[in-house]
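This is what each chain is made of:
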Amino acid sequence: MNCGDVIKQLNSYLDGELDETLRWELLAHLEQCTDCRVVVDTTRKTIELYCNSEPLPLPTDVRQRLNEALTRKLMGPAS
Amino acid sequence: MPTHLANETELVEAARGGDAEAFTTLVNQYDRNIYRLALNITGNPEDAEDVLQETFLKAYANLSKFQGNSRFYTWIVRIGVNEALMKLRKRKSDRTVSLDERVETGEDEYMPREVVDWGENPEQRYARRELNDILSAALNELEPGFRIVVYLRDVENLSTEETAEMLDLSVPAVKSRLLRGRLKLRERLNQHFRRAPGGPEGGKLKRWMNQLFKRG
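Quick mapping for you: the protein sequence lines, in order, are chains A and B. For the first sequence, the working numbering gives the first residue as 1, with consecutive numbering after it. For the second sequence, the working numbering gives the first residue as 1, with consecutive numbering after it.
Hints listed in this document are in silico derivations from the structure and should not be mistaken for laboratory results. Possibly wrong hints are sitting among the right ones.
[Unchecked claim] Simulated crosslink set (SDA-like; lysine to any residue; CA at most 25 Å straight-line):
| hint | chain 1 | residue 1 | chain 2 | residue 2 |
| --- | --- | --- | --- | --- |
| 1 | A | Lys45 | B | Thr3 |
| 2 | B | Lys175 | A | Leu74 |
| 3 | A | Lys8 | B | Asp117 |
| 4 | B | Lys65 | B | Lys175 |
| 5 | B | Lys175 | A | Leu18 |
| 6 | B | Lys87 | A | Leu30 |
| 7 | B | Lys90 | A | Val40 |
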């Protein structure tokens, strides 16, 4: 496996969808290629950061307008 | 994925029966997630607010259709994505964004220019809010075709198949955009997270990247 193959298989590897043979080939390449190791590690970290990111609370005015819109609907005449 | 309320099933049942308070509890549990989703798809706070309201109004009107075999949140996300995409497509005429157009851009944009280690965990280096701002800004800089795919897969944790179905894209198209999107994000985050100023990356990897993206 070369650097280009690693990039092509990057998502499958990081998402745990790579079959065993390819996974071993990829790991063998990472053993001897610092560049690919860094790309794999930082891409993994990128995914992890987004996956763990928490949304900020709604801005107060946005929530207020949402609640008003819902109140109009919920309390209004049945449609 | 947000934590869901322990009594969610009961709340949904009560809301279905017309209990406005139960529905409001559900809304306030997930509104920030839906707002973030809308903001990421539409890329515009005004549109995001409309989408937020429309999503929950539509959810309320369609509560009887919620089967209960998926999580309430997943159901809401589906509605939110549809509303946000409709909004995005309506904007198509006056903005240069579209999900359908080819997402090819200049190679320089997604080709890694540097391969540098990030050192210690970004979570330890930045306060939560600051980290949030960095992540949002990096994602917002992506073209919608990449941004939405990465958002649905990596933030909302939808499967490739679900993402493809929601966006009306093929599975290979989702995979290709996800790969490029993740690589672009990694590149953008480099400037914040890198351990030390790095030199240009190794030539061999760069050539491979170049070829890969050329084939697109």
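Hint by hint, work out which the structure violates, then give me just those numbers in ascending order. Hints 2, 4, 6, 7 contradicted; others consistent.
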